[in-house]
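Asker: Chains as they are written, first to last, in our numbering: chain A, 9 to 237; chain B, 7 to 229.
Hints in this document: simulated from the structure, not taken from any laboratory. Where a beta carbon is used, it is the ideal one built from N, C-alpha and C, also for glycine. There's no promise every hint is true.
Straight-line distance between alpha carbons at most 35 Å, and here's what the computed DSBU-like set of lysine-lysine pairs gives [claimed, not checked]:
1. B:10 with A:128
2. A:195 with A:181
3. B:75 with B:49
4. A:218 with A:121
5. A:82 with B:8
6. A:133 with B:73
7. B:10 with A:133
8. B:75 with B:147
9. A:128 with B:147
10. B:225 with B:10
11. B:75 with A:82
12. A:195 with A:160
13. A:133 with B:139
14. A:218 with B:10
15. B:177 with A:128
16. B:73 with B:147
17. A:82 with A:218
18. B:139 with A:168
19. A:82 with B:49
20. A:168 with B:10
21. A:133 with A:168
22. B:88 with B:75
23. B:49 with A:160
24. A:160 with B:75
25. B:78 with A:195
26. B:225 with A:128
27. B:139 with A:121
28. B:139 with A:181
29. A:160 with A:133
30. B:88 with B:8
Residues from chain A that keep clear of chain B, each with C-beta distances beyond 10 Å, as calculated [said to hold, decoys possible]:
31. 42
32. 82
33. 99
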Amino acid sequence: MTKPRLTREQIAHRAAQELPDGSCVNLGWGIPNLIAAYIPADVTVYFHSENGILGMGSRATPGEEDPDLVDAMKVPVTLLPGACFFTQADAHMMTRGGHLDFCVMGGLQVSEKGDLANWKVPGAKGSGGIGGAMDIAAGARHLIICMEHTTKDNEPKIVKNCTYPLTGLECVKTIITDMAVLDVTSKGLVLREVAPGLTPGDVQAVTEPKLIVPESVGEMRLSNVAAAV
Amino acid sequence: MKQKIYNSADDAIADVPDGASIMFGGFGGAGFPNNLIQALLRKGTRDLTAISNNCGTGDGELGILFKSKQVKRVIASFPGPKSNYFQDQFAAGEVELELVPQGILCERMRAQGAGIYAFFSPVGAGTEIAARKEERVLNGKRCVLEAALGADFAFIKAYRADTLGNLVYRKAARNFNPIMATAAATTIVEVDEIVPAGGLDPEVIATPFVFVDRVVQAKTLRS
Chain A
9 MTKPRLTREQ IAHRAAQELP DGSCVNLGWG IPNLIAAYIP ADVTVYFHSE
59 NGILGMGSRA TPGEEDPDLV DAMKVPVTLL PGACFFTQAD AHMMTRGGHL
109 DFCVMGGLQV SEKGDLANWK VPGAKGSGGI GGAMDIAAGA RHLIICMEHT
159 TKDNEPKIVK NCTYPLTGLE CVKTIITDMA VLDVTSKGLV LREVAPGLTP
209 GDVQAVTEPK LIVPESVGEM RLSNVAAAV
Chain B
7 MKQKIYNSAD DAIADVPDGA SIMFGGFGGA GFPNNLIQAL LRKGTRDLTA
57 ISNNCGTGDG ELGILFKSKQ VKRVIASFPG PKSNYFQDQF AAGEVELELV
107 PQGILCERMR AQGAGIYAFF SPVGAGTEIA ARKEERVLNG KRCVLEAALG
157 ADFAFIKAYR ADTLGNLVYR KAARNFNPIM ATAAATTIVE VDEIVPAGGL
207 DPEVIATPFV FVDRVVQAKT LRS
């Protein structure tokens, strides 16, 4: 029997714990877009948007939307005190120049060296699109990838070498999945935490490269977020 | 003195020829020069090269120029799954696409505006977008040579202009607009309001008037 894995919300909740008070953070599409909802009330994170905002607050409520104040997914947002506007060039100066504390993106594949593939599925219809992903991959100070641990067919997404079109080389520092938290190091992938109910062996079984498993591996803390049913 | 204020969007773009390359500002529904785009649709200018972050949302923004088949080549970072007219023509091989990472698109235009011919950057090194580009290892990292990117025209949207062409923007509607203003041979801007020179606080002018050639006042069109 397959052991239950975490929900996308639980992955986002675990990722939110990586972001300290006062940090400046860019969130990408997919699971990362869920993270803002899990920042604790006593923690202030200054969210960055590629279209030139630092210090985005919560989503705008009905009636307070302003079509000139939207995030990178076109969602109307609000501003925290101290928020600022700038050009798209300055926004990417912040991502590529390593000025943000954390960038969080979704992933299709991550290699054991931290190579990332996340912009195009081979054979997919349409033009594909890069957006800011390659700039972020090239220059982020600390890049976190949030994704499911395997494909829908239970194939590993953490691989020895990416086979999907690459976004960037040796750029990922931390991987947070529905099974584990892993750190990319010069020695290889270190298993930092496993999801409740899972063992390091469960994670290794669906991970292509050999994991470095320390003597003590923590358990992902996930209070107050609904588990899979 | 050169008069920069035009009476209508149609007048402001009247000399854009077939085959022109045009930068279009805007991102996420904000800061698109929709009145200038509509004027280009009315004029029917063809064989355009469009430089913009995306390729429209349905009929919105640049979408109508693909619907009317006025664009033959695109330089963009994220054409977008909702750019259905572009996607259909791309699939049929009717329109060419050069995909550029979003920040590099900015920097290539910024280089053009700043008189820099090319620069090395690590963005995209080892990926398919760097194929056929010159590479060099700098500070131990693989870097690719990126060329400056200019255009015949920039169509941009600002909030207010003065009669000299100084511009201020509104919130996240700034995005690509100030960058494109520096990178084109002729920059045409639509604004909500035009005030006399001296009517804008010099401390907050985001695009100095030297970058602006034509200004037209038009009500913000949302699409």
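Asker: Take the hints in turn and mark each one as holding or not.
Answerer: For each hint, the structure was consulted:
| no. | hint | verdict |
| --- | --- | --- |
| 1 | B:10 with A:128 | violated, 44 Å |
| 2 | A:195 with A:181 | holds, 13 Å |
| 3 | B:75 with B:49 | holds, 13 Å |
| 4 | A:218 with A:121 | holds, 12 Å |
| 5 | A:82 with B:8 | violated, 38 Å |
| 6 | A:133 with B:73 | holds, 20 Å |
| 7 | B:10 with A:133 | violated, 45 Å |
| 8 | B:75 with B:147 | violated, 42 Å |
| 9 | A:128 with B:147 | holds, 24 Å |
| 10 | B:225 with B:10 | holds, 18 Å |
| 11 | B:75 with A:82 | holds, 26 Å |
| 12 | A:195 with A:160 | holds, 29 Å |
| 13 | A:133 with B:139 | holds, 26 Å |
| 14 | A:218 with B:10 | violated, 66 Å |
| 15 | B:177 with A:128 | holds, 31 Å |
| 16 | B:73 with B:147 | violated, 43 Å |
| 17 | A:82 with A:218 | violated, 40 Å |
| 18 | B:139 with A:168 | holds, 27 Å |
| 19 | A:82 with B:49 | holds, 30 Å |
| 20 | A:168 with B:10 | violated, 59 Å |
| 21 | A:133 with A:168 | holds, 26 Å |
| 22 | B:88 with B:75 | holds, 17 Å |
| 23 | B:49 with A:160 | violated, 49 Å |
| 24 | A:160 with B:75 | violated, 39 Å |
| 25 | B:78 with A:195 | violated, 49 Å |
| 26 | B:225 with A:128 | violated, 38 Å |
| 27 | B:139 with A:121 | holds, 24 Å |
| 28 | B:139 with A:181 | holds, 27 Å |
| 29 | A:160 with A:133 | holds, 19 Å |
| 30 | B:88 with B:8 | violated, 41 Å |
| 31 | 42 | holds, 19 Å |
| 32 | 82 | violated, 4 Å |
| 33 | 99 | violated, 8 Å |
In summary, the structure is inconsistent with hints 1, 5, 7, 8, 14, 16, 17, 20, 23, 24, 25, 26, 30, 32 and 33 from the numbered list given earlier, while agreeing with the others.
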